Amino acid sequence: MVDFHKRILFSDEAHFWLNGYVNKQNCRIWSEANPQVYVETPLHPEKLSVWCALWAGGIIGPYFFKNDEGHNVTVNGDRYGAMITNFFIPELNNHDVQELWF
Numbered sequence: 001m002v003d004f005h006k007r008i009l010f011s012d013e014a015h016f017w018l019n020g021y022v023n024k025q026n027c028r029i030w031s032e033a034n035p036q037v038y039v040e041t042p043l044h045p046e047k048l049s050v051w052c053a054l055w056a057g058g059i060i061g062p063y064f065f066k067n068d069e070g071h072n073v074t075v076n077g078d079r080y081g082a083m084i085t086n087f088f089i090p091e092l093n094n095h096d097v098q099e100l101w102f
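If you're matching positions, the sequence shown starts at 1 in my numbering and goes up one per residue.
Because the hints were derived from the structure by calculation, they are not lab data.
It cannot be assumed that every hint is accurate.
Restricting the straight-line Cα-Cα distance to at most 30 Å, the calculated cross-link-like pairs of lysine-lysine (BS3-like) are [as the list claims (entries may be wrong)]: (1) Lys66 <-> Lys24; (2) Lys24 <-> Lys47; (3) Lys47 <-> Lys66.
The structure presented is a predicted model; accordingly, all values stated were derived computationally and were not measured.
Make a model of the complete structure from these sequences and hints.
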């Protein structure tokens, strides 16, 4: 298949905490000495979930997961499916896509 790499679409979602919290599982800081620092954080800080796709034809998105009132919402199967149906598929239809690997 010629230009197979141009038919691959990559997608990902990310969570951005609105209070400035940084997920320490994704961010490591190395030091020779243990600073013994404790930082208090809320148990469930408000966050914004964002989805985006990238392929040879460009970028699709970003898509912000919000409810009808514009408030941030938790991503679940129903909301992800609605995003695919109501946002992603119509966006793909705006491009000349013959065959795509997702």
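Against the structure, the hints come out as follows:
1. Lys66 <-> Lys24: 25 Å, holds
2. Lys24 <-> Lys47: Answer holds: Lys24 to Lys47 is near 15 Å, not above 30 Å.
3. Lys47 <-> Lys66: Holds - the C-alpha atoms of Lys66 and Lys47 are around 11 Å apart, at most 30 Å.
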